[in-house]
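Peer 1: Here is what each chain is made of, one letter per residue.
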Amino acid sequence: MGTSILIVFLILVGIPLLLILFVIGIYNALVRLRNQVDNAWSQIDVQLKRRHDLIPNLVETAKGYMKHERGTFEAITQARSQAMGAKTVSEAAKAEGALGEALSKFMLVVENYPDLKANQNFLAVQEELTGTENKIAFARQSYNDQVLFFNNKIQMFPSNIIAGMFGFTKRDFFEIEVAAEREVPKVSFS
Amino acid sequence: MWELIRANKRNSIVLMVIMASVLLVLGFVIGMVFFGQEGGFFGLMIATTIWLVLTLISFSSGDQILLSASRAQPITHEVHPQLFNVVEEMKIAAGLPAMPKIYIINDPAPNAFATGRNPQNASVAVTAGLLARLNRDELQGVIAHEISHIVHRDILFVTLAGIMLGSIVLLSQVFLRGMFYSSMGGSRRRYSSGGKGGGQAQIVMLVIAIIAAILAPIMAQLLYFALSRRREYLADAGAARLTRYPEGLASALEKIAGDPSPQLATVNKVTAPMYIVNPFKKAKQIKLSNLTSTHPPISERIKILRNLSQGASFNEYSDAYANVTHKKTIVPVAALSTKEDVPLRQASAEAGSEERLDKQMRQVGDIIRRVNQFIFLTCACGLKLKIPPNYKSNKINCPRCNKSLDIPRK
Chain A
2 MGTSILIVFL ILVGIPLLLI LFVIGIYNAL VRLRNQVDNA WSQIDVQLKR RHDLIPNLVE
62 TAKGYMKHER GTFEAITQAR SQAMGAKTVS EAAKAEGALG EALSKFMLVV ENYPDLKANQ
122 NFLAVQEELT GTENKIAFAR QSYNDQVLFF NNKIQMFPSN IIAGMFGFTK RDFFEIEVAA
182 EREVPKVSFS
Chain B
5 MWELIRANKR NSIVLMVIMA SVLLVLGFVI GMVFFGQEGG FFGLMIATTI WLVLTLISFS
65 SGDQILLSAS RAQPITHEVH PQLFNVVEEM KIAAGLPAMP KIYIINDPAP NAFATGRNPQ
125 NASVAVTAGL LARLNRDELQ GVIAHEISHI VHRDILFVTL AGIMLGSIVL LSQVFLRGMF
185 YSSMGGSRRR YSSGGKGGGQ AQIVMLVIAI IAAILAPIMA QLLYFALSRR REYLADAGAA
245 RLTRYPEGLA SALEKIAGDP SPQLATVNKV TAPMYIVNPF KKAKQIKLSN LTSTHPPISE
305 RIKILRNLSQ GASFNEYSDA YANVTHKKTI VPVAALSTKE DVPLRQASAE AGSEERLDKQ
365 MRQVGDIIRR VNQFIFLTCA CGLKLKIPPN YKSNKINCPR CNKSLDIPRK
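These protein sequence lines are chains A and B, in that order. The first sequence lines up with residues 2 to 191 when you count with our numbering. The second sequence lines up with residues 5 to 414 when you count with our numbering.
By construction, these hints were calculated from the structure, which means they are not laboratory data. From the three backbone atoms N, C-alpha and C, an ideal C-beta is built for every residue, glycine too. Be aware that one or more of the hints could be misleading.
Stated by the list, open to error - Pulled a few chain A residues facing chain B out of the computed Cβ check, cut under 10 Å:
no.	residue
1	ASN122
2	ALA125
3	GLU129
4	GLN142
Produce the entire structure from the sequences given, and follow the hints as far as they go.
Peer 2: This is how it looks when you write it as structure tokens:
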């Protein structure tokens with residue numbers, strides 16, 4: 002008699018308790034993943050701002066050596082102000098893509114100026130720029146990794162049930178907007 | 005990623021438990037020899053105390069001890085901006101919670117290691133020789149390997165297992181030396197006091213203890229090395245995954261392996277597994293088998309990395325590993341369950357000319373001077389003066405144009 006009451010009691014209390022603990026565990030995992038996604042996104046933001054800050058420095062250092070490259074400088078400055086003024090995420094992605102393109106064009110032009118390439122200040126700015134470009138790329142890579150984990154968790158059973166209950170929604174990947182960055186650069190000898 | 009870290013933690017615990025039991029058995033046996041039947045527990049207590057004290061020390065300041073033992077000096081961003089940027093890039097790629105502290109070791113042998121308690125308190129140290137020889141992509145590969153050690157929680161494992169190994173070696177050394185000296189004289193007194201039967205049992209105990217004292221350090225070492233070899237492969241896999249450019253690390257390893265400079269000055273058996281490449285040069289262990297080496301053969305690591313032609317996920321690394329070594333996978337099965345799409349990237353544009361390398365060598369000299377608080381001064385005639393910190397005067401004459409220059413003091 003006594004033992005059967007105990008068993009019923011355990012089933013009535015134990016199973017819901019386990020279920021609650023299970024739900025709490027999954028909920029916390031989802032929150033942790035979402036925070037990681039947000040953190041990765043803010044990393045991209047930090048590095049993009051840093052790129053904007055570097056550009057005046059770069060232009061200032063290079064201007065004296067590259068008197069005949071007015072167009073290149075203008076393209077960079079314009080792309081920078083557009084990127085800084087971007088309001089929405091898609092706008093920002095587009096503008097940043099254009100800025101990246103302008104910068105890589107500039108780096109190609111630099112090859113024609115051996116004096117500039119030997120300048121210590123320019124080398125320092127160039128290293129900072131390379132570092133920042135890489136950091137943007139790696140931040141994007143890390144963000145996309147985190148989004149993949151998060152989206153997988155949201156879509157897979159049984160965490161999809163809990164995600165649905167508490168309104169966790171899928172995040173978008175940060176894709177490269179400019180087609181040129183995706184393609185392998187073509188070399189022509191004309 | 006998480007599956008791999010969890011599997012690593014599990015393996016670390018298993019290894020620690022095995023090594024701890026080796027240590028305890030050793031302590032017990034030695035105690036019995038020295039203090040008779042009841043002394044076993046006394047020996048056990050001594051062994052545990054030694055280990056506990058060493059572990060507490062290593063947990064609280066093990067990284068600092070290792071860094072200062074290898075004469076690593078902390079540097080700031082100005083000393084080597086590229087190294088700083090590369091570390092930060094990999095920190096971002098790996099999603100570490102904090103920037104690791106960066107150290108330089110003034111040694112021409114190219115090598116690197118990571119240490120620390122956890123990803124929040126980690127340090128990365130590279131030698132000056134490494135900075136002198138590698139280009140940006142290769143440096144990135146090496147740093148990615150070290151950051152992978154941090155992410156995989158290998159850094160704490162190496163410290164704790166190294167300390168455990170150290171305690172076992174210490175205990176058996178003390179015992180064997182003690183035996184040696186007591187057998188020279190005065191030992192007869194102890195045996196005669198214990199009656200005839202007791203004496204016999206004690207001699208048997210003694211033989212067992214001596215065998216244990218000789219075997220225990222070897223066993224512990226083999227275990228430690230086996231796991232550290234595995235961790236090297238896994239860190240290579242992690243580096244390929246972080247950089248998406250396995251060729252960077254592959255060519256870095258190639259350069260390190262082919263380097264003619266003498267072996268790293270500040271290294272010993274316990275710290276060797278920390279480094280990216282075995283710091284002991286080949287002459288020392290030419291005939292030793294695979295079992296006793298702390299690192300997998302470099303040629304094999306390079307071949308595996310170059311085999312990653314499709315992508316850089318753990319799955320692909322595992323396949324490449326199987327291709328090259330004809331062994332089963334090295335990556336824990338749990339880490340292979342999640343399918344990832346990890347495409348490779350192109351090399352970053354950087355000319356690898358001889359001229360650039362020459363300049364890089366000179367820059368490394370400057371880095372070392374800057375770490376050692378030299379003052380840099382450029383004269384109006386364009387000559388760069390490097391003033392050692394023990395130069396006391398506030399003025400110096402330029403050796404080329406003889407102009408008197410003020411030395412800025414901080």
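Peer 1: Are the hints correct? Go through all of them and say.
Peer 2: To see whether the hints hold, each was checked on the structure:
1. Evaluation of the ASN122/A hint against chain B yields a violated restraint, the C-beta minimum of about 12 Å exceeding 10 Å.
2. A least Cβ separation of about 7 Å between ALA125/A and chain B falls short of the 10 Å threshold, and the interface hint therefore holds.
3. Evaluation of the GLU129/A hint against chain B yields a held restraint, the C-beta minimum of about 7 Å falling below 10 Å.
4. Restraint check, GLN142/A versus chain B: the minimum CB separation of about 6 Å is within 10 Å; hint holds.
Of the numbered hints listed earlier, the single one contradicted by the structure is hint 1.
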